[in-house]
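Participant: Below are the chains, spelled out letter by letter.
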Amino acid sequence: MATKLRGSNQRVKLLRHESETTRPTLSIERALLVTETYKNYEGQVSIPMLRALAFKDLMEKKKICINEGELIVGERGPLPQAAPTYPELCCHTIDDLEVIRDREKISFDVSDEVMRIQQEAIIPYWQERSIRHNIFKQMTEEWHDCYQAGIFTEFMEQRAPGHTVAGDKIYYRGMLDFKEEIGRELEALDYVNDAEADIKSEQLKAMAVCADALITFARRHAEKAREIASSVNQNERREELLKIAAICDQVPANPPRTMWEALQYYWFVHLGVITELNTWDAFCPGRLDQHLEPFYNREIAEGILTRNQAKELLECFWVKFNNQPAPPKVGITLKESGTYTDFANINLGGVKPDGTDGVNDVTFLLLEVIDEMRLLQPSTNIQVSKKSPELFIKKAGEIIREGWGQPSVFNVEAVIQEMLIQGKALVDARNGGTSGCVETGAFGKESYILTGYFNLTKVLEITLNRGIEPQSGKQLGPDTGDPRNFTAFDQLMNAYETQLNHFIEIKLNGNQVIEKLYAEKMPAPFLSLIIDDCIKYGTDYNCGGARYNTNYLQGVGIGSITDSLSAIKYHIFDQQNFSWAELLAHLADDFNGSEQTRQLIIHKTPHYGNDNDYADSIMQKVFHLFHSMVDGRKSFRGGTYRINMLPTTSHVYFGSVIGATPDGRKAGSPLSEGISPVQGVDINGPTAVIKSAARMDHLLTGGTLLNLKFSPQVLSGEKGLQSLVHLIRAYFKMDGHHIQFNVIDADTLKEAQQNPEKYRGLIVRVAGYSDYFNNLSEQLQNEIITRTAHGIH
Amino acid sequence: MEGRSINIDRSSCRVCLTCAENCPTGALEAVGKEVTLKELTDEVLKDRILFEESGGGATLSGGEPLIQEDFAAKLLKALKANNINTAVETGGYVSSQVIDKTAPWTDLYLYDLKLIDPHESSYYTGYTCSPVLNNLKHLVKKGCRLAVRMPLIPGINDHHDNIVRVASLLQENGIKKLELIPYHNMAAGKYKGLDLEYRLPRLQPPTEKQVAAVKEAFYSEGIEAEREV
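Going down the list, the protein sequences come from chains A and B. Residues 1 to 793, numbered by this note's numbering, are exactly what the first sequence covers, in order. Residues 1 to 229, numbered by this note's numbering, are exactly what the second sequence covers, in order.
I should point out that these hints are in silico values taken from the structure, not numbers from a laboratory. Just so we're clear, the structure is a prediction, and the values are computed from it rather than from any experiment. For every residue, glycine included, the Cβ atom is placed at its ideal position computed from N, Cα and C. Watch out, some of these pointers could steer you wrong.
[Claimed, not checked] Label pairs and their in silico Cβ distance ranges:
1. ASN755/A to VAL15/B: 40 to 50 Å
2. ALA425/A to ASP42/B: 36 to 46 Å
3. ASP117/B to GLY717/A: 34 to 44 Å
4. ARG14/B to ARG466/A: 41 to 51 Å
5. ASP195/B to GLY680/A: 24 to 34 Å
6. GLU29/B to LYS634/A: 48 to 58 Å
7. GLU226/B to GLY680/A: 31 to 41 Å
8. ALA488/A to PRO24/B: 25 to 35 Å
9. LYS33/B to ALA488/A: 23 to 33 Å
10. ASP482/A to GLU29/B: 29 to 39 Å
[To be verified] Listed next, the in silico BS3-like pairs over lysine-lysine satisfying Cα-Cα at most 25 Å (straight line):
11. LYS190/B to LYS604/A
12. LYS719/A to LYS209/B
13. LYS719/A to LYS176/B
14. LYS516/A to LYS536/A
15. LYS46/B to LYS386/A
16. LYS46/B to LYS604/A
17. LYS205/A to LYS61/A
18. LYS719/A to LYS177/B
19. LYS733/A to LYS80/B
20. LYS215/B to LYS719/A
This is chain B alone, in the form it adopts within the complex (with noise of 0.2 Å):
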């Protein structure tokens, strides 16, 4: 500790969090914790009255949930023989059998799409977006409930090529709909946080203006895009 700021030498850091435990002040916090299925089931049924009046449910978010497949399926089962809604957020990025594990407990998928092109796709997420397209068709075929949804990033996917791209494979699919999730950078603060440098420091987040310019690309395309709500 120098002056009033932390500095951890992550090279030497074990993230064994005794730090955290210790801080006082909650300065150093530990994000997740190892829980138990239970646990984390009962955690959820908290919410259930609220869930009953809104027709709200739980959603299993990321990074990636369908990462850690084994569980999330196990989750998924505990939270629908109590009757509760559903949800995965997902990039695609998996292999289809792990779909195959959790979809007869998954009411929907919230799915997200960002580069088609391969090149592009490998060139910004590290990896091939083939398995991304597969599974879309996958999930299309196996009759699951789909919301897809397109993260707005300026001057990375937001160009006429990548809009096309994106429309023509909905519409394949027999997709009408698309949501825009435009970039923000709330996130630039738990990077620093985590020592961990921020890659796009001067990106903005798109302007009405551009995001209106998407949505118009997308209609003449045939598909309904609408900002997320």
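Isolated chain A (complex conformation) (with noise of 0.2 Å):
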């Protein structure tokens, strides 16, 4: 056992133990509750008020857990790490709980009473209801060629469109507020004139019946409390209690007036949120230190607040998040994104609506907080600009070179003008920042999904095999021609074109179908409540009532594509090294018997990451290609598609599922990550690799995702500081969107290899999000070993 605990004080030391150590269970609560609110009203009500009285029937009925010292209240299940499931997203087979109570990682303890139940009251009901269920069926056959082949991948088929931030209006407004306001736009409504009038009626009445729901949900919280302090012997806890019941009664039905009820305010929406569905990308306080700055002043000024309570609250709050792991995820899901983080990412700096520097006190020490806190959850992220002061960034270098992957860092004036190419207002770009892994979003206002990876290499692999996927040996694209007989490299790029364009068509062809069936099956009304313009619009989140809609489809491999390309080009058409014959035999052999030529392939060719024309401008023209392909394309709720470039851990996953590569990878292997380049073949240091990662255009993306691996001893002193703050600003003033640090040696992470239990809080960054280095895969394990260790000079 551990000495050495973290937190401020013994209060927070205990909740962060209990938090770090209590095993994930699985529970059977939500499922129950949720079957029988559609047992009694599924076909008598409309369906947004089905949800609505679903939501009703959770906060009203669902355990109340009020933990031991702690002073912000709420679980989403039970207990802590207890995950509900959501039967009517995804319906567990028995296979599948035996799958995730069995399973190495991210495993969940799954009772034999929940088996149970899962058989006898939840299958019988759900199985054909579900919306996995109702999507996989809609799908058509060629969907399924290419969703099993691993062309791509489905955000929507066991979680939720979510995908959002909070804004601002929680910390001035109340859910009474809302309800007024929801009874006004009822009023306005117009019956004669307005086709939808009904619809919306029915939408806005379920986001009311919501409002009241979460008012109950915290006053049952309020009288928990005062129960326990009713039989709580020390004085100080039974005071605290009664704090704790106090604000309960206040928030959410009326405006936070200190930083401790904006917080449980928060608290309690971010619980309505995540309990109603299992939205992706769980939804995150954003701006916390903007939010919460008026409060904090104003406390501090007035001589109720210290800064030691300050502090004490948000580890407080910091433990919240991290006692709910992600839902139980199955299949590819899980494939694409194993972990038991849910992405909650907070932003710390970045500007004011005015456009001055955002940076506070509250800033600072939510740095102190994340840095004593050491939690996987919740992830944190600074927002540099211009504007921001030199030791703001140096704080969180401070951090960052601990080497547990906290806070990454993004760029202000890109992220902005991201948001304003895509059409949104300055302010509403300057409230948002980014979420999920590097996503940018227009915070309170936006809803912007993730609808799934696309495998850009593996498009490559099908184009080189005229059409056909090699391993089922399925014709799934058009036959392009036999590469054999390609004389110049741009009839490959024309192939390639042609492949692409036939498999963003089919993912996108599903995302309408997928979209479709969610804004008709599956509204969120609490949510909706939550992000402006749902109730002036009287139209769900899911229906395209947010002020701003977006999808994103998100590249994958772009280092592996390039370089794949650099060789066929380099190799082939100028150096004739060898012929389009040798390489194809060889890598249906997966280079086994020509190593010779895999190893002339890793260290004779022009790689991306070197900041070399040769290969960076074939990066641009994949980038650009894909880009052209996805961006503007509108969606069925109204939303316009984007690209990003992330691929959280869908790049092992798509390796997995690709032969032999001509850029010298093996059949198997992942690939590249995010925007960095392939693994290991940055040899021209970090100024290199910026240089190329900025080739691309990041000001025409949703978010990109830049991986650099340090060795500790490199960032180490004032020197080191100074040297991370000059790399980070010279990417930022070339447009990059977002760097991340690991911060880490080889051999160190050879050894947690080896001796896992040594190294159980060993904490790395991944993509976009860390995790314990225990908790990968060994594939990914032996990935984030291969990563370059860089020197900065």
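Put the two chains together into one complex, using the hints given.
Facilitator: Next comes the structure, spelled out in structure tokens:
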């Protein structure tokens, strides 16, 4: 048992310790409650109202949990680390539950009782009703073939679209205020001229039911706190519990008056959003330092809050995030996102709505909390603008170089320009930021859903095989000709373009059907309360009610495909080191018996990531192809498609479904991640990497992910910190969107792989989020070890 | 090639480097290549955005960059024309005309001093140190920015006599600071790769204590010696 626990005081130490050491379990409570609601009301009320009634039942009936010593209350499950299931989205089979229970990584305790209830009560009702079932039923055969082949993944097949972040309105308006607004909109409905007035009326009423339900949920916490208080002997704790009760009476019904109330209010909203549906990229408070500053400043000035008390509240708040593991994933979705982390990603710094620097006292306080807590959740990032003080970046740099992956670093000017290009108002852009891994969004006003990862390299494999997917032998794409007959590199690029277009069409057509399914069957009336302008338009979040609606498609493996194309261009067309026939034979044999050729390719090809025009211009070509095929297309709910370049863990999965590639990669190995170079080929140092990466036009995306790994020594001392700041600033001058740092040496990681028990607390940056090294698959562990350790000069 | 190692018959090698070109794994590697002035200038300019951010620039290093005096001067001039900060790392064993050729385009000389005693100098470096001492004076007289550095090699140049003489030379030239560069043996692998004998196989880098003692000795001679950062 570790003697040194993290946390600023004993209370936090214990709460944090509990959170870290409690094993995740699967709770059947939510599934039972939702099933009961559906049985009672399905068919008798509108769908939005059915969803609202399910939410109401959950808020009124789920077990209330107040943990010993905590100051911020409320859990998603009946206990910390208890994840509910969402059978209306994904109805787990008994096999699924056994896998979830027994798998080596990211497992959950599943009791026999839960198994029995799932078998008897949940499966019979949901197995043909679940969204997952219906998605797979409605998708075309070719979509299924592509999905199975690993050309793309599907985000919505077992989790709901969510992917949004709270704005500022909950800090000055209570649920009662939202109800009043709903009332006004209901009265203003024009049943004569507005054909959708009836639908809007139902959606608005559903939102009102949810507002009341959250108030009830808070009141139940107040009651529970008073109940515990009456039996507590210790005076101090009794006072605290009574204070908690008073806070839960105030918020979320009314606006918060203190920092404590503000945090508790947010937490109830958070629980509401993640209980209503299992949304992707868990909701988060976004610009927390901005939101809390007015409360903090006033209370400090009035002498009713000390800096240490504020810190304690924030640390208690941190624990609440860490108590909520991402609900268990199965199948391909687990492969693309194998983690307990649910991607809440708090933004620090940035700019204020008037464009001035947003760094304040709370920003620095939060940096201390991040450093002290070192928890997987919530994830954190700093938003760096030209106006950000150097001290802010350096303080964050001191945490970064400790090597557990937080905070990551974003470019405010790039993020704002991305949003302006997407047509957002300047103030909405300034109030926005980045969430999930690296995704740009207008906080509180946008639905920006990720729809799936897209395997750019797999499409090349299919191109080289004339449209045939080699693993299954199926003709999935058009026959774009035998590469042996290509006499110019452009012929290959034309064939690739045709194939890319074909598969993007299949993916986006599938998305339309899925989006419609969610709009019709799975509205989110509670989330709609929180995101503008759902109330104003009387339109649900999942039906396009947000002010801005964006759909992202995430390109994966840009480094691998660039190097593959570069190898073909260089060795076949320029140097004539080998022929098409030879290369194709090597690929088919996974380079067995042709190690010399493989080494030649690895060592003598111009690689992306070395500030080299030859390779970088190929990267630009692929990027623009992908961008032009996706960007600007319209979705079912009125959203606009954009691209992102981020992988989570899908680069490992996508690599596992591709044979050997022309860049010398062996079959099944991971692809390059994010926009980082292929692991180990970036031999010209970090400045060359950022130069190459910046040749991508980041402003045309909604987020890119660049990972640099450093050994701790290179960042040591004031000089190391200064180098880090320069590297960040230089990359951002070139419009780079995001950069993150893994600070660890390879030997430590190898040692950790051999002796996992000695490194239980070792956190590394994976891709837009941090995770325990021990929780990663061996493949992913190896990949992180391989990522080049750079030296800054 | 025998077993798992590569053997090169250096006596019949004409350094054509075809072997390195044809080595698929990069096990044989040509270190260094011929470049044109434009190629090298363009390579440096690739990092311009970083230099502008950090205040850094290009340092000509070696070996002894001033052996290629004409190319060095042209390169420095081209870099200054592009507003890049320039530095030259030199051992100072060149004629003063070479210094004059480069000085107009050099913002900073990183100047190595090893040994002052002529006999010791010839014994260990193979040359007399008088040009080195003269060029130091010459640079000071010209008003060039200098950072004097002393590689600290235990048992060779860390004895008291050398410290006193280095200190007084610096004093004479109005120089108050000195950077100490503790000896390290990271080059041993390179010697092996080149089939050359590494002639200090057993010499260990100075300990923290040894470095501190040298710093202290310089301090009592009125010189602020700092370990390089």
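Participant: Now look at each hint and say whether the structure bears it out.
Facilitator: Against the structure, the hints:
no. : hint                             : in the structure
1   : ASN755/A to VAL15/B: 40 to 50 Å  : holds, 47 Å
2   : ALA425/A to ASP42/B: 36 to 46 Å  : holds, 42 Å
3   : ASP117/B to GLY717/A: 34 to 44 Å : holds, 35 Å
4   : ARG14/B to ARG466/A: 41 to 51 Å  : holds, 48 Å
5   : ASP195/B to GLY680/A: 24 to 34 Å : holds, 28 Å
6   : GLU29/B to LYS634/A: 48 to 58 Å  : holds, 54 Å
7   : GLU226/B to GLY680/A: 31 to 41 Å : holds, 37 Å
8   : ALA488/A to PRO24/B: 25 to 35 Å  : holds, 26 Å
9   : LYS33/B to ALA488/A: 23 to 33 Å  : holds, 30 Å
10  : ASP482/A to GLU29/B: 29 to 39 Å  : holds, 37 Å
11  : LYS190/B to LYS604/A             : holds, 22 Å
12  : LYS719/A to LYS209/B             : holds, 23 Å
13  : LYS719/A to LYS176/B             : holds, 23 Å
14  : LYS516/A to LYS536/A             : holds, 22 Å
15  : LYS46/B to LYS386/A              : holds, 22 Å
16  : LYS46/B to LYS604/A              : holds, 21 Å
17  : LYS205/A to LYS61/A              : holds, 21 Å
18  : LYS719/A to LYS177/B             : holds, 19 Å
19  : LYS733/A to LYS80/B              : holds, 23 Å
20  : LYS215/B to LYS719/A             : holds, 21 Å
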